[in-house]
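Protein chains: 2
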Amino acid sequence: MTQSAQQMFDSHRQTLEQAVEAIATRTFWTPYPESMRKYSEDAVKAAPANFEALLNQPFTLNSVGSTKQVGGEISPYGFELGINYEQPNPDELIAAMQVAMRDWREAGAQARVGVCLEILSRLNAMSPEIAQAVMHTSGQGPLMAFQAGGPHAQDRGLEAVAYAWQAMAQIPATAQWVKPQGKHDPIVMGKRFHIVPRGISLVVACSTFPTWNTYPGLFASLATGNPVMLKPHPGAILPVAITTRVAQEVLEEAGFDPCLVSLVPDTADAPLTKTLALEPAVKLIDFTGSNAFGDWLIENATQAQVFAEKAGINTVIIDSLDNLKAVTANLAFSLSLYSGQMCTTPQAIYVPKSGIATADGHVSFDDVAAALAKAVQAFLSDNDRACTVLGALQSVDTQARIDECRGLGEIVLDSESRKHAQYSDARIHTPLILKVDAAQKAAYSEERFGPISFIVATDSTAHSIELAREVIREKGAITLGAYTTDEAVADQLEELAMDVAAPLSLNLDGGIFVNQSAAFSDFHATGGNPAANASLCNQAFVASRFVVVQSRRHGQSN
Amino acid sequence: MTQSAQQMFDSHRQTLEQAVEAIATRTFWTPYPESMRKYSEDAVKAAPANFEALLNQPFTLNSVGSTKQVGGEISPYGFELGINYEQPNPDELIAAMQVAMRDWREAGAQARVGVCLEILSRLNAMSPEIAQAVMHTSGQGPLMAFQAGGPHAQDRGLEAVAYAWQAMAQIPATAQWVKPQGKHDPIVMGKRFHIVPRGISLVVACSTFPTWNTYPGLFASLATGNPVMLKPHPGAILPVAITTRVAQEVLEEAGFDPCLVSLVPDTADAPLTKTLALEPAVKLIDFTGSNAFGDWLIENATQAQVFAEKAGINTVIIDSLDNLKAVTANLAFSLSLYSGQMCTTPQAIYVPKSGIATADGHVSFDDVAAALAKAVQAFLSDNDRACTVLGALQSVDTQARIDECRGLGEIVLDSESRKHAQYSDARIHTPLILKVDAAQKAAYSEERFGPISFIVATDSTAHSIELAREVIREKGAITLGAYTTDEAVADQLEELAMDVAAPLSLNLDGGIFVNQSAAFSDFHATGGNPAANASLCNQAFVASRFVVVQSRRHGQSN
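Chains as they are written, first to last, in this note's numbering: chain A, 2 to 559; chain B, 2 to 559.
Keep in mind the hints are simulated off the structure, nothing from the lab. Heads up, some of the hints might be wrong.
As the list makes no split between identical chains, a pair holds if one copy fits it or if it spans any two.
Only pairs whose alpha carbons sit at most 30 Å apart, straight line, appear in this in silico DSSO-like list of lysine-lysine [claimed, not checked]:
hint, residue 1, residue 2
1, 476, 180
2, 275, 476
3, 442, 354
4, 275, 326
5, 39, 354
6, 184, 39
7, 39, 442
8, 180, 46
9, 180, 39
10, 184, 46
11, 69, 420
12, 420, 476
13, 354, 180
14, 326, 184
15, 180, 326
16, 442, 375
Excised from the complex, chain A in its bound form:
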């Protein structure tokens, strides 16, 4: 281990131990504050200027055998970033990574984890700048870009490091094997156990959460010894590039080849992902994105272990509730946040057509729908707040989808475009809410990515549960919300959650939202339904990223 990697480990050891404790107890914990006030005032102030200083020029990185420049990011807030990135030659990069992997493997778990923790620590300090990059690629509003793109993403990265550390720590470096032989001397074998990485890791990032969905795979692979190719979405390269730069700086300082974390950007016209994914040397693939591409990876990249987060039909079931206003306010926030572009945003809201019981008496189906529409309208009535919460639509496809979906049901709340005070060309649209009958399954049981949701009229709560079971079994879901005041129904909902392997959020009516997932406590996706084949984070997410190679010989272990 190089001296500086050991120093890095030592300086972050307490954080690591707390993280390991947190993933076991799953209580609230984070070393990365989500309040911008806890960050250096200078860093916060300088962030916009730092971001602007990156625009309209090449972004330099250690890039192996690069022959061409790619770029072309356009901020969803309406301007071109004008940044170019070098695209490495994949063959040369793979060859270089295979050489570099040996030192990285030999360095051992402490050194690798030390480097990972130092990378995370430096990323954390840069959160205000990363927020700018996330905002102007994903379209997230500034507060969300800061929290989800900065500390919450770093939490998920640290969580992966903690799981990796825990998994590697279970393997003793040596063992003495003493087998009794009756009256004879026992047989004594000395054994050594080595953590050996799987190979090259490909992390395919998405455009909406370029750091949050990327850090778990990056850090789980890197900590367990695998070089990582980061393949950003062509529309959201910068946050991944900044991450790569920080990782390369730390690797170099610790005496390792910076190519161990490399950016491999491509363009929509000349995509590289399929080629990279089928490389025999690529043994691990982390992917966030469409079902079609995730399924393609699982079916074709069979030389690799694929960890895929795809899409599903996130679901809310309303049976009964206390306070309609509180519940619709909570759901209004969930539907509005980042214009429904979260993989956790509800799409199908099942309500019995006979209406529901509330503490204030019976409320009809139409009145539930109207109350939700009204709550969204009220929540977005202040345009500045609306723009901050909604953010911008990452892609023109999402914008087009709103129009395409208008005819799928009866409009309860129409989507409208909004003008951003600062960015007049920003792609900002409020939620579209449609009413449909349970029979219109084709409408609500396809993923409609973006600010589009359906209130589905069912025969009863039992029918709602049955429909949800059917749809989620077939299409998957990352989140399942439900409202009931009846503990017997709550038990049925808990059973449903287990049957379809979707995490249940019950009766959220305050400051926690179904689309939020807290690292160290909430498992994001379960891996048990078609929406994802892995969970962020658990043991299964790290355990197959390395193998154990042992040696044994007679006598004491050395």
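Starting from the known structure of chain A, arrange chain B on it as the hints suggest.
Only chain B this time, still in chain A's reference frame:
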């Protein structure tokens, strides 16, 4: 949890705790003695008669929707078993398992682990009888059939239960999540976490180790909540059927549906494995067998997690040694044991053509080869001992392969057939050892399953290492043996082991053999080269067999 499952857990709790301790320290440990003297004398005496009582009649099991009988096993010792087994209807069985899975899931980890430990305990007591079944299907010699088919297989099953228990125990049942809100009251969320099985587990057993290679997948899946379909090799059904009967008895006593462990036998003429493997409900597949079929499963059964142990080119590198006689005696045992039909038997033995240094001076390549031939001859000179050690060839294909391979090199030791004192038609053949040049790669770098090995003349030890690296990277290996008296070379071999992810046995010249793998201490296969994509047993072997489904609500967890 049913009362009796809890009792089962309580009565085996100490064994479980010791097993969990053993997999962490990897020292010698087992609750299942390998000496027949430690078993009930009556059971040992009654075993042959008990086995004979099973012959020439139907073997009854709980079998869902069975419509036909299959069978046709022939002992490699030369007689028909004449046993028929019911083949369940796969669709009906899958439907029944999906219903039964719910109670099994709800029972919780303690109940499931209690049932698994009780099954193992009863299997252990039946080891003498299981030995008969293993001997007369696999062709193993009686001692090996007892040890590998009985206690050593049970060790591997218990190891899987210990890993499963450890993995499940890491998930707290509940958590209290308290997020500070500055001056305001904190947000309090109560959370529950459930272990949810993946789905139906298919364990495809092999003909040579019908229990040893089956128990890890069976118990890892069952303990984590998955119903298990046991698909035996058509030539080795009985040991799996006995295991199924014991499992069904224990499940039923504990109040669960016995179909949770079901035998699904087929025939060579009407194989069922591909159909079962592609069932959407099958989410886990454990397979031991050919590369072609293992690769087919990985490439086609993409709806499932596949744990495949295939074949490779097990390798020995001889650089230098102290005592040629001790080393060749050790290798003679390894090559002879079960006629080379272990997945761990060496096939390619690399020796520099210039010869090797020994404590008694330089020994030429030809003399090394001759010494090995002589050691095998001496070891097998007593025919009774030879028959016991060699066992019988499981299949006629293996017998034919000996003839097919004779021309692949210069014969150092020819294979001869032997007559068994008791079973005159037993298929018993001694090892064939060939000498080849390193350039004859086609000869030694294809798996030649059975008692066939190659002494490969290389330019130097460096060349041996290079060849081994190349061949194992391409074809895989489950074992790697090596001999050197030079610590610098030992370091290179350790490096080789890591590079090709094969476990290294160094300088074995006594009572431990390269083809032996001790549960709780040795990882069998690493999962990191083409011979296997999983290891018996480690965290990765269990972690992806279940998912965690949580629920959360405001307030205290209930």
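Structure-based check of each hint:
no., hint, verdict
1, 476 x 180, "neither (53 Å within a copy, 33 Å between copies)"
2, 275 x 476, "both (24 Å within a copy, 25 Å between copies)"
3, 442 x 354, "within (15 Å within a copy, 73 Å between copies)"
4, 275 x 326, "neither (48 Å within a copy, 55 Å between copies)"
5, 39 x 354, "neither (48 Å within a copy, 70 Å between copies)"
6, 184 x 39, "between (68 Å within a copy, 16 Å between copies)"
7, 39 x 442, "neither (47 Å within a copy, 65 Å between copies)"
8, 180 x 46, "between (66 Å within a copy, 28 Å between copies)"
9, 180 x 39, "between (57 Å within a copy, 16 Å between copies)"
10, 184 x 46, "between (77 Å within a copy, 26 Å between copies)"
11, 69 x 420, "neither (37 Å within a copy, 72 Å between copies)"
12, 420 x 476, "neither (35 Å within a copy, 62 Å between copies)"
13, 354 x 180, "neither (70 Å within a copy, 37 Å between copies)"
14, 326 x 184, "between (80 Å within a copy, 25 Å between copies)"
15, 180 x 326, "between (70 Å within a copy, 24 Å between copies)"
16, 442 x 375, "within (25 Å within a copy, 76 Å between copies)"
Violated hints, listed in ascending order, are 1, 4, 5, 7, 11, 12 and 13; each of the other numbered hints is respected by the structure.
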